[in-house]
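The listed protein sequences correspond, in order, to chains P and S.
The opening residue of the first sequence carries number 1483 in our numbering; numbering runs sequentially from there.
The opening residue of the second sequence carries number 2 in our numbering; numbering runs sequentially from there.
Don't take every hint at face value.
What the hints assert, rightly or not - Below, a list of computed lysine-lysine pairs in the DSSO-like style, where the Cα atoms sit at most 30 angstroms apart:
| no. | chain 1 | residue 1 | chain 2 | residue 2 |
| --- | --- | --- | --- | --- |
| 1 | P | K1677 | P | K1587 |
| 2 | P | K1688 | S | K56 |
| 3 | P | K1673 | S | K52 |
Said to hold, decoys possible - Label-pair distances were calculated between CB atoms; the ranges are:
| no. | chain 1 | residue 1 | chain 2 | residue 2 | range |
| --- | --- | --- | --- | --- | --- |
| 4 | S | I79 | P | P1657 | 32 to 38 angstroms |
| 5 | S | Q113 | P | D1515 | 47 to 53 angstroms |
| 6 | P | D1642 | S | E80 | 34 to 40 angstroms |
| 7 | P | D1503 | S | C38 | 43 to 49 angstroms |
| 8 | S | M28 | P | T1668 | 19 to 25 angstroms |
| 9 | P | E1623 | S | R86 | 50 to 56 angstroms |
| 10 | P | R1555 | S | R53 | 31 to 37 angstroms |
| 11 | S | S36 | P | R1555 | 46 to 52 angstroms |
| 12 | S | I85 | P | A1502 | 27 to 33 angstroms |
FYI, nobody ran anything at the bench for these hints, they're computed from the structure.
Ideal Cβ placement from N, Cα and C applies to all residues, glycine included.
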Amino acid sequence: MAAKEEGRRRRRQEAARPAADSDEALMARVAADSHSAFETLVRRYEAPLVTFCYAFIRDRDAAEDLAQETFLRVFRNASRYRPVARFSTWLYRIAANLCINEVKKGRLRKTLSLDEAVGPDPDGTKIIERLAASGDAPLTEAERREASALLDRAIRHLPDDQRTTLVMVEYHGMPYQEIAEIMGVTVSAIKMRIKRARENLREALKILGAER
Amino acid sequence: MTGPLTCENVHDMLSAYNDGELSDEEMRAVGEHLSSCVACGAESTRIANLKRLMKYWEGIEPSPSFREKVVERTKREIEGRRIIRVSKAVLAVIAVILLAAGAFFLGRHLKQRAEAESAKDRPAATSPQPDRRPRSE
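Could you put together the complete structure from these sequences and hints?
Written out as structure tokens, the structure reads:
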């Protein structure tokens, strides 16, 4: 859960962070060869960035390799970074370009079917119903793990553009405008993608037995 | 936005509505529609539940060695840059020395050649000339 909480907390913390500790201030220090500033940025973004790459690639090892390459490019190009855009937008745009190129090469393209993803013993529990019935009561640890594994299977099944958009909205908590900038598309396209992503996610969860 | 929204319009807007991504006017119009339409209200609740469920997706926790690998690679990069900077400085010094030496030897060579040429032009002035004046005794 640590990665997820870190990802969510990041956006709240960013607003509350003193100016000297902001991403942009750290980047200015990285440009002046401060390795400690770079390490702070890596610590801040490692989990969100690996998850971001995973949303494109659906392979944990490849996602780590691409996240590593992204950080290296950030380091190499630190002197070229101008804080006209948020640092995170710049970072994720670099990562998105790397991931899209990797997907184009076709080496990492996986064809998944829900049957394969579920395996021989699909869970069959109705997590969404339990969640709706539980009101604001949090899920137990076992239920949380079950929900996360189930969601992972369902998310992996979504088409590329819907999966990446859904992860950016739900995991990274990005506004549509920022996603549009990273992906180089319009906000209307993002609205359509997220709508379809949720429809398909629900279908996938139904097949997986999480929702009727 | 003109006129009241239809269920079809609202259906298309519900995802963005639940993300708070509509304009103020649209948010208000969709909210009003939901308060009087059971079907759209149920659909909106389903999206809200899906969003709540999504909060339980943990994403990917990087492996313990991830940060170490990134830091190691960038440190190597810094070291590489340092070596390049030092090499450039050394090369610059060598280039300056070579240029200075070249200028010195070229200068000396030109000077020697000039001296040799001027020496070649002066042989008559240096050899003794017979005195051809008539002697008056």
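Do E1623(P) and R86(S) keep their Cβ atoms within the hinted range of 50 to 56 angstroms?
53 angstroms, holds
Starting from the hint 46 to 52 angstroms, judge whether the C-beta atoms of S36(S) and R1555(P) obey it.
50 angstroms, holds
Starting from the hint 19 to 25 angstroms, judge whether the C-beta atoms of M28(S) and T1668(P) obey it.
Holds - the Cβ-Cβ distance for M28(S) and T1668(P), about 20 angstroms, lies within 19 to 25 angstroms.
Looking only at beta-carbon atoms, does the pair D1642(P), E80(S) fall within the given range of 34 to 40 angstroms?
38 angstroms, holds
Against the 30 angstroms threshold, does the CA-CA distance of K1673(P) and K52(S) hold or violate the hint?
Given that 30 angstroms is the threshold and the Cα spacing comes to 15 angstroms, the pair holds.
Compare the distance between the alpha carbons of K1677(P) and K1587(P) with 30 angstroms, and conclude whether the hinted pair is satisfied.
At roughly 28 angstroms apart (the allowed maximum being 30 angstroms), K1587(P) and K1677(P) satisfy the hint.
CB of R1555(P) to CB of R53(S), is that within 31 to 37 angstroms?
36 angstroms, holds
Measure nothing beyond the straight line between the CA atoms of K1688(P) and K56(S); if it is 30 angstroms or shorter, mark the hint as holding.
Distance ~18 angstroms between K1688(P) and K56(S) Cα, so the pair holds.
Take a look at whether the Cβ-Cβ distance between D1503(P) and C38(S) falls inside 43 to 49 angstroms.
47 angstroms, holds
At the C-beta level, are Q113(S) and D1515(P) separated by a distance inside 47 to 53 angstroms?
Taking Cβ atoms as reference, Q113(S) and D1515(P) lie about 51 angstroms apart, which means the hint holds.
How does the Cβ-Cβ distance of I85(S) and A1502(P) compare with 27 to 33 angstroms: does it lie in that range?
31 angstroms, holds
CB-CB spacing for P1657(P) and I79(S) relative to the 32 to 38 angstroms hint
35 angstroms, holds
Of the numbered hints listed earlier, not one is contradicted by the structure.
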